[in-house]
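Okay, here's what each chain looks like letter by letter:
There are 2 protein chains.
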Amino acid sequence: MPVISAVHTHDVRFPTSLELDGSDAVNVDPDYSAAYVRLVADNGEEGHGFVFTAGRGNEIVVRAIESFGALLLGRDLDELVNDLGAASRLLVHDSQLRWLGPEKGVSHMAAGALVNTLWDIAARRAGKPLWRYLAELPPEELVAAIDFTHISDALSPQDALDILSAGQEGKAERIASLEEAGYPAYTTSPGWLGYSDEKLLRLSREAADQGFPLIKLKVGGDLGDDRRRLGLVRDLLGRDFPVAIDANQRWDVPEAVAWLRELAEFDPYWIEEATSTDDVLGHARIRREIAPMRVATGEAVPSRIVFKQLLQAEAIDVMQIDSTRVAGVNENLANLLLARKFGIPVCPHAGGVGLCELVQHFSFFDYAAVSGSQDGRFIEYVDHLHEHFAEPVIVRAGRYLAPRKPGIGAQMLPESIERWTFPDGAGWVQVGDRAAVAGRGTP
Amino acid sequence: MPVISAVHTHDVRFPTSLELDGSDAVNVDPDYSAAYVRLVADNGEEGHGFVFTAGRGNEIVVRAIESFGALLLGRDLDELVNDLGAASRLLVHDSQLRWLGPEKGVSHMAAGALVNTLWDIAARRAGKPLWRYLAELPPEELVAAIDFTHISDALSPQDALDILSAGQEGKAERIASLEEAGYPAYTTSPGWLGYSDEKLLRLSREAADQGFPLIKLKVGGDLGDDRRRLGLVRDLLGRDFPVAIDANQRWDVPEAVAWLRELAEFDPYWIEEATSTDDVLGHARIRREIAPMRVATGEAVPSRIVFKQLLQAEAIDVMQIDSTRVAGVNENLANLLLARKFGIPVCPHAGGVGLCELVQHFSFFDYAAVSGSQDGRFIEYVDHLHEHFAEPVIVRAGRYLAPRKPGIGAQMLPESIERWTFPDGAGWVQVGDRAAVAGRGTP
Numbered sequence: 001m002p003v004i005s006a007v008h009t010h011d012v013r014f015p016t017s018l019e020l021d022g023s024d025a026v027n028v029d030p031d032y033s034a035a036y037v038r039l040v041a042d043n044g045e046e047g048h049g050f051v052f053t054a055g056r057g058n059e060i061v062v063r064a065i066e067s068f069g070a071l072l073l074g075r076d077l078d079e080l081v082n083d084l085g086a087a088s089r090l091l092v093h094d095s096q097l098r099w100l101g102p103e104k105g106v107s108h109m110a111a112g113a114l115v116n117t118l119w120d121i122a123a124r125r126a127g128k129p130l131w132r133y134l135a136e137l138p139p140e141e142l143v144a145a146i147d148f149t150h151i152s153d154a155l156s157p158q159d160a161l162d163i164l165s166a167g168q169e170g171k172a173e174r175i176a177s178l179e180e181a182g183y184p185a186y187t188t189s190p191g192w193l194g195y196s197d198e199k200l201l202r203l204s205r206e207a208a209d210q211g212f213p214l215i216k217l218k219v220g221g222d223l224g225d226d227r228r229r230l231g232l233v234r235d236l237l238g239r240d241f242p243v244a245i246d247a248n249q250r251w252d253v254p255e256a257v258a259w260l261r262e263l264a265e266f267d268p269y270w271i272e273e274a275t276s277t278d279d280v281l282g283h284a285r286i287r288r289e290i291a292p293m294r295v296a297t298g299e300a301v302p303s304r305i306v307f308k309q310l311l312q313a314e315a316i317d318v319m320q321i322d323s324t325r326v327a328g329v330n331e332n333l334a335n336l337l338l339a340r341k342f343g344i345p346v347c348p349h350a351g352g353v354g355l356c357e358l359v360q361h362f363s364f365f366d367y368a369a370v371s372g373s374q375d376g377r378f379i380e381y382v383d384h385l386h387e388h389f390a391e392p393v394i395v396r397a398g399r400y401l402a403p404r405k406p407g408i409g410a411q412m413l414p415e416s417i418e419r420w421t422f423p424d425g426a427g428w429v430q431v432g433d434r435a436a437v438a439g440r441g442t443p
Numbered sequence: 001m002p003v004i005s006a007v008h009t010h011d012v013r014f015p016t017s018l019e020l021d022g023s024d025a026v027n028v029d030p031d032y033s034a035a036y037v038r039l040v041a042d043n044g045e046e047g048h049g050f051v052f053t054a055g056r057g058n059e060i061v062v063r064a065i066e067s068f069g070a071l072l073l074g075r076d077l078d079e080l081v082n083d084l085g086a087a088s089r090l091l092v093h094d095s096q097l098r099w100l101g102p103e104k105g106v107s108h109m110a111a112g113a114l115v116n117t118l119w120d121i122a123a124r125r126a127g128k129p130l131w132r133y134l135a136e137l138p139p140e141e142l143v144a145a146i147d148f149t150h151i152s153d154a155l156s157p158q159d160a161l162d163i164l165s166a167g168q169e170g171k172a173e174r175i176a177s178l179e180e181a182g183y184p185a186y187t188t189s190p191g192w193l194g195y196s197d198e199k200l201l202r203l204s205r206e207a208a209d210q211g212f213p214l215i216k217l218k219v220g221g222d223l224g225d226d227r228r229r230l231g232l233v234r235d236l237l238g239r240d241f242p243v244a245i246d247a248n249q250r251w252d253v254p255e256a257v258a259w260l261r262e263l264a265e266f267d268p269y270w271i272e273e274a275t276s277t278d279d280v281l282g283h284a285r286i287r288r289e290i291a292p293m294r295v296a297t298g299e300a301v302p303s304r305i306v307f308k309q310l311l312q313a314e315a316i317d318v319m320q321i322d323s324t325r326v327a328g329v330n331e332n333l334a335n336l337l338l339a340r341k342f343g344i345p346v347c348p349h350a351g352g353v354g355l356c357e358l359v360q361h362f363s364f365f366d367y368a369a370v371s372g373s374q375d376g377r378f379i380e381y382v383d384h385l386h387e388h389f390a391e392p393v394i395v396r397a398g399r400y401l402a403p404r405k406p407g408i409g410a411q412m413l414p415e416s417i418e419r420w421t422f423p424d425g426a427g428w429v430q431v432g433d434r435a436a437v438a439g440r441g442t443p
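Protein chains in written order, with the numbering used here: chain A, 1 to 443; chain B, 1 to 443.
With the rest of the complex left out, here is chain A (with noise of 0.2 Å):
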């Protein structure tokens, strides 16, 4: 039998503060980071995994993932494949790691990173990029993969069945469609606080250009600004193109709706992260107050618990999943089958470095097996870092197109992993000064 013989972690950094990128109200200088991980067995098959931060601390996550992985050494890799709802609950469920979060934070994406190396492993195993092998995989299979508790009272195992069992019809058609035509994508990258009115208003038409459906913009830096970048892009774009805005949680909730009347005139197309992700009845409080906007979060919300109420209190109109803030595919799988119990379409949060690889799989699997819908459905994309992954993002016209590789599509190139490994790879060592200057450098 194949036994986990290393876990390999790599601290990887992408001096992206320097230009701003990504710059929004709360994120003003992220470094695009990943607690990166390869799991390997004796045989010498090997999973990738990583979790996506914004610098500073992703080292805090290198360790954890370090720690988490003591719990695979020396097991078997075949009974970890074969049972991933195990797999999971022996890393999430850990009776003395678990008082690190309980599921959220540094730990819950320690052992998500790990999870989903067994997925990655799981997906090369059948030859499949993890969309598909998921959309493949019998309802029964995916059932006994998800972890039921503290969401049974909104989603019962019988309820998961029944909604993936409704999922096998047409399922053969829409993975053909898929596969030919992609999924609608969105793009954040005009809008970043840092950028220029002229960098924003060129960006905003390249991408309606480009053909993207709906573009985003981060506000909530100062009203006057929001107003004015809005305006902008309305009088460039019209009335009626879809832009959604973005505040990243800078607000309180009375701070939230009193803002948000005073940009429903630009009618956004969602407003995203207005205030705390972890304040449910306060997303649902601004939620009617600012009626008709639509309310999206779900980025930083760390668990499939605090979705499960986010719902349960119609707080939300948009789910917007992340790829490595929970614990891995198991709990996204959970996510999805929530939002499509509730009726609510899931947009996922994607960029930094890597999300776009990762999380378009779950909207391919959502539309394959789940929900069977793109109304209203958008992935996010922003036009970073991908030439570092095996298999970058491909969007044309607007649309993700279908990933072909086997696995979930977490692996990065060896060189970029080499040359950006924080602080001494070649990459960070040519940008030292200016890095230096940035006030980076956590030991």
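Simulated from the structure, these hints should not be mistaken for lab results. Some clues are possibly wrong.
Beta-carbon label-pair distances, calculated as ranges [stated by the list, open to error]:
#1 E169/B - E265/A: 47 to 57 Å
#2 R89/B - A291/A: 25 to 35 Å
#3 D222/A - E169/B: 40 to 50 Å
#4 E19/B - E289/A: 49 to 59 Å
#5 Q158/B - L223/A: 16 to 26 Å
#6 G432/B - D76/A: 24 to 34 Å
#7 D76/B - G343/A: 49 to 59 Å
#8 E262/A - D222/B: 50 to 60 Å
#9 S5/B - E289/A: 42 to 52 Å
#10 E45/B - V431/A: 36 to 46 Å
#11 A291/A - Q158/B: 23 to 33 Å
#12 E19/B - A126/A: 40 to 50 Å
#13 L73/A - V429/B: 16 to 26 Å
#14 E45/B - E314/A: 48 to 58 Å
Please read all numbers here as calculations on a predicted model, not as lab measurements. For glycine and all other residues, C-beta sits at the position ideal for the given N, C-alpha and C.
Fit chain B to the supplied structure of chain A, relying on the hints for placement.
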């Protein structure tokens, strides 16, 4: 000016799992541990703090403290100590590190330990134990230390000022009474799931004889066991003796309701952690469906933002703050004031290692200057590991006696730190074989 010159960390663990002390339905085998930090300035001043963990993963928190500690190195200690609100924001809202939470899990606990080292220095400089230092600060200074971000819809700075100003009346008498007579305790020592019926009854008898006004039993492993144990304790102590129960998040919402209906005849004083600590709506539903049984939670609540919602949703009758789960003294000030605003008693979580030593200060302060009441309020007490601290708590006749040494109470004895440093301390070398059997040893 004194400058912060070092952040010393220690991975301290105690092999408590060998005796099943601390065993409950979820935490089946904790090794009570502290990710310990000693902040040192170049003038010789020192502040102490720590994060409590359950064993494995303590090393992750140690790493996180080192990373967050780098933000403090080289800074002016006076400036930090003279504006503890700004000091807290510096750590909690770091623009890159924030992604790791935000405000939850490993990163939040690590930030809290460092925030606490600064309060330790502030209280030492004033020559007072923390509770008295807080009680004697002007209300305006306390308000300035609080981060109202994402709670202002429930507690405004003016609300806080009003509560603290009202708390000035009779404060001197209450401080005198605390120094004279202490504050009520309750004990969980009898009720661990791993204990035999004989040990349960012997310790319950002792607790009642010692004057504890309330004891707590762990439940949620097996319904028959719970009914038998509660029946035995009721037979022993009578119908009217307050006996709380604690399920440590073992149940889903419907299961909690059904299980608790089977325990209602034993008239539990409260049910603690009936479901996921993150499930505000679940707690609210359970409370409605098992009324009038009191619902308690909080030891694993990550932030003031979740406490706010538990109060807004009328989900709890008892709020259980923890001293090392949230971001230090500042955030617990917010928690105490939220509880006061909503008229809910605070009964702090303690036990583990050092949690009694730290958390008692918040109840003493609450009585002196916030709620002014001890009705329905008790500090948890477990008789573990106090001997390792510079000022062990003293409980007499069921009451905590007022701590008197300057500081926050976090200081552990150097010889204890050395002996129980994991994995190379002499204590660990000694229990090595037995510990290996118990499955410890995350590298």
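The hints, checked one at a time:
1. E169/B - E265/A: 47 to 57 Å: About 50 Å separates the Cβ atoms of E169/B and E265/A, which means 47 to 57 Å holds.
2. R89/B - A291/A: 25 to 35 Å: Taking Cβ atoms as reference, R89/B and A291/A lie about 33 Å apart, which means the hint holds.
3. D222/A - E169/B: 40 to 50 Å: The hint (40 to 50 Å, Cβ to Cβ) holds, given that D222/A and E169/B are roughly 43 Å apart.
4. E19/B - E289/A: 49 to 59 Å: 54 Å, holds
5. Q158/B - L223/A: 16 to 26 Å: For Q158/B and L223/A the Cβ distance comes to about 23 Å; the hint holds.
6. G432/B - D76/A: 24 to 34 Å: Once the Cβ atoms are compared, 27 Å apart, the range 24 to 34 Å for D76/A and G432/B holds.
7. D76/B - G343/A: 49 to 59 Å: Once the Cβ atoms are compared, 55 Å apart, the range 49 to 59 Å for G343/A and D76/B holds.
8. E262/A - D222/B: 50 to 60 Å: Taking Cβ atoms as reference, E262/A and D222/B lie about 57 Å apart, which means the hint holds.
9. S5/B - E289/A: 42 to 52 Å: 50 Å, holds
10. E45/B - V431/A: 36 to 46 Å: For E45/B and V431/A the Cβ distance comes to about 37 Å; the hint holds.
11. A291/A - Q158/B: 23 to 33 Å: 29 Å, holds
12. E19/B - A126/A: 40 to 50 Å: 47 Å Cβ-Cβ, so the 40 to 50 Å window holds.
13. L73/A - V429/B: 16 to 26 Å: 23 Å, holds
14. E45/B - E314/A: 48 to 58 Å: 52 Å, holds
Checked against the numbered hints above, the structure violates none of them.
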